[in-house]
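> Residue strings, one per chain:
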Amino acid sequence: MTVGIEYYVLLSMLLFCIGLFGILTRRNALMFLMSVELMVNAANINLIAFAFYHGNLTGQVLALFVMALAAAEVAIGLGIILVLYRNFRDVDVTVPTTMRW
Amino acid sequence: MAVVELPEWAALAPVLILAGTALALFVFDSINPRSTNRTVLAGTAAIGSLVALGVAVWFTVAGVGASGLEGFGAIELFDGQLVVDQMALYFMIIVAVVTALVSVASYDYMEGHTYQAEYYSLVMLAATGMATMAAANSLVTILIALELASLPSYALVAILKDNRGSIEAGLKYFLIGALSSAIFVYGISLVYGATGYLQLDAIATQLETGAADGEFAYGGLLGLGILMLIGGFAFKTASVPFHFWAPEAYEGAPAPIAAFLSSASKAAGFVIAFRVFTTAFPLDATSALIGVDWTLAFVILAIVTMTVGNFAAATQQNVKRMLAYSSIGHAGYALIGLAGLGAGSELVMGAAMMHLLVYGFMNTGAFLFVALAEHWGVGRTFEDYNGLGQRAPVACFALVIFMFSLAGIPPLGGFWSKYFLFTGAIEAGLLVVAAALIVNSALSLYYYSRLVKAVWFEEPPAARDSLGQPTGLYAAIVFAAVMTVVLLPGFGPVVETALDAAAAMIA
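Chains as they are written, first to last, in my numbering: chain W, 1 to 101; chain S, 102 to 608.
Hints are not guaranteed to be accurate.
[Unchecked claim] Here are the simulated SDA-like pairs of lysine to any residue, each with C-alpha atoms no more than 20 angstroms apart in a straight line:
| id | chain 1 | residue 1 | chain 2 | residue 2 |
| --- | --- | --- | --- | --- |
| 1 | S | Lys262 | W | Tyr85 |
| 2 | S | Lys554 | S | Cys497 |
| 3 | S | Lys262 | W | Val61 |
| 4 | S | Lys262 | W | Thr98 |
| 5 | S | Lys262 | W | Gly79 |
| 6 | S | Lys262 | W | Leu69 |
| 7 | S | Lys554 | S | Phe483 |
| 8 | S | Lys262 | S | Asp394 |
| 9 | S | Lys262 | W | Thr94 |
| 10 | S | Lys262 | W | Val74 |
| 11 | S | Lys262 | W | Val95 |
| 12 | S | Lys262 | W | Leu20 |
| 13 | S | Lys262 | W | Gly4 |
| 14 | S | Lys554 | S | Val495 |
| 15 | S | Lys262 | W | Arg86 |
| 16 | S | Lys554 | S | Ala604 |
It should be emphasised that the hints constitute simulated quantities derived from the structure, not laboratory data. Bear in mind the structure is a predicted one, so any value in this text is a computation, not a measurement.
Based on the sequences and whatever the hints tell you, model everything.
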C-alpha cells in the first residue's frame, strides 16, 4: 500500500507554513535560520514525493543539490550572525536599526 | 565561419574565465593570506572580467548562438541544462562590464581593508553565478546559479566587519534572501510536481500537450508554483513585493558592492525571469491551464514597482538611499519587458534588455560617484554634496550625465531605452503601463536634478580642502560616463542585438 501523493503535498505545505510562521514571529536570528531550513525541507519533501510519483529521478537529484545549497546558506548566515553579535551584542533581528528612516 | 573550430563547451568561456579568476584569487589568498597588494588583486579581477567581456563580445560578433546563415545556432550543453544563445551572451556582457568597473573602483574604495583577496574573489564568484544565470536553461541550474550569485553577495554586503551599517545591511539582505530562496525552491518543487520536468523546454512541451489534450489536472499547483517563482525573481531584481531589502542593503554595503548588486545582480535576475517565462511557460498553454494570464501579474508588478520606487526616492535625504529606491523604480521599467509579452512582439523584451545594458553603465557610475564621495568622506545627504562641482568638476560632470541619463533626458542612453520601452508598451496595448512610465520618469527628474543642483549650484556648507583624485574610482566613473554617452551613436548595434536575442527567445 502506498500513501497518496496528496498527503505528501499536504505535509510539505504544513511544514512550509510552520516555517513561514516562524519567520514572521521569531525575532532571534538563529530561529529565523531554522525556520528557513524548515521551508527548504518542505520543498525537499515535495521534490522526493513527486520524483516517486512521476517515476523519474530528477526531483531526488535536485533535493540533494538543495540540501547542499541550504548548508552553504547556513554557513554564510552563521557568519553574518556572528559578526552581528560582535557588533550589537545581540542576535535579535530587530535590534540593528541604524538605518531606520 | 570561424577559422578555428572551437569545441562546444568553449561557448561557456566567459563564465569559465570569471570562475578561473575567482579561483586564481583564492590560490593567491591561500599562499599569501595577509597580502594587501591591491594592485595585483584588483588588477587580476579587472583583467579577468575584461577578458570575459572581450570573449563575450567576440562571440556575439562572431554569431555564436545566433540563428540564420552566419550564426551557429543556440548551443545547448549538458542535455539543455545550459544554453548559450544571444541573450545569454548579451547578459554576460552586462555582468562582465559591471564587474570590471566595480573591481577597478574597489582598488581605491577598499584601501585599508584587511582581507583584500577575499573581497575580490567573492566579487568574481558572484559574477560567475550571475553569468551562469544568463546561460541557465533548467530550474536546477537556475537555482544553483542564483545561489552562487547570492551567497557571495551576502558576504560582500557585510564585509566591513566593524561597520554597524554594513552588518545590518548584510543581515537584512541575508534574511530576506534566505526567505525568498526558500520560497523559490518551493515554487520549483511545485512546478516539478505539476509537470514532472525541470528542464525549461521539457516543461513547455509538457504544458502544451497537457493543454492540448485537456488531461492536465494540476493547474492550481502550477499556478501557485509560478507565483512563488515570481517571488524569487522579485527578490533578485529588487521589485515589489521583495524590494524592501534593497534600500537597507545598498545603503549599508560598500558603495562599489551596491553598484554591483543594483546593476549586475538585477540584470541577472531579469535574464532568468525572461528565460523562464518565455521558454518554460508558453503564454497560451499556461493561461489555459491555470486560468490566468501570467503577464497580468507582471503588468501589476511593473506599475507598482516603478511607482513605489520613484515616490520613495523622491522623499529621501540620503543620496545612496535615493539611488537605491531609484534602482527599484528602474526594475519596474524593465518589468515592462515581461508585462508586454502578451502581444507576441519582441520589441518590449528587447527594450527591457537595452534598458538593462544602459542601466549597467549609468547606475554603476552613479553608485561609484557615491563611492567617491564616501572615499572623500564628505557625508551622505544631499546637503553634504553641496558644491562638490567646484572641487571635482570631472567627476561631477560625469554625475550630471548619469543623473540625466537615469531620468531619461534625450540625447543620453537612458532616453533611448525608455523610448523603446514606451513604444513597446504602446504596441503591446499596455496604455496604463506606458502612462505610468511617463509619469514616473517625470517624477524621477525631480530627485535626480536635485542632486545635480546640490553638486553644481549650491554653496558648500564649509570651505573644503582640495579633494583627492583616486585613480581607480576616477577611471571607472569616467569610463561609465563615456559609455553612457557613446551608447547613443552606438545604439544601432545594441538595438539590433537586443531585438535579435528577444526574437529568438519568443519564437
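> Now, for every hint given, state plainly whether the structure supports it.
Status of the hints after comparison with the structure:
1. S/Lys262 to W/Tyr85: 11 angstroms, holds
2. S/Lys554 to S/Cys497: It holds: about 11 angstroms lies between the C-alpha atoms, which stays within 20 angstroms.
3. S/Lys262 to W/Val61: Violated: S/Lys262 and W/Val61 sit about 37 angstroms apart, past 20 angstroms.
4. S/Lys262 to W/Thr98: Cα-Cα ~15 angstroms, so holds.
5. S/Lys262 to W/Gly79: Cα-Cα ~11 angstroms, so holds.
6. S/Lys262 to W/Leu69: 24 angstroms, violated
7. S/Lys554 to S/Phe483: Given pair S/Lys554, S/Phe483 holds - Cα atoms ~10 angstroms apart, limit 20 angstroms.
8. S/Lys262 to S/Asp394: 46 angstroms, violated
9. S/Lys262 to W/Thr94: 19 angstroms, holds
10. S/Lys262 to W/Val74: 18 angstroms, holds
11. S/Lys262 to W/Val95: Roughly 17 angstroms separates the two Cα atoms, so the pair holds.
12. S/Lys262 to W/Leu20: 29 angstroms, violated
13. S/Lys262 to W/Gly4: Given that 20 angstroms is the threshold and the Cα spacing comes to 50 angstroms, the pair is violated.
14. S/Lys554 to S/Val495: This hinted pair holds, its Cα atoms lying about 16 angstroms apart.
15. S/Lys262 to W/Arg86: 9 angstroms, holds
16. S/Lys554 to S/Ala604: Violated, at roughly 42 angstroms.
Comparing the model with each numbered hint stated earlier shows that hints 3, 6, 8, 12, 13 and 16 do not hold.
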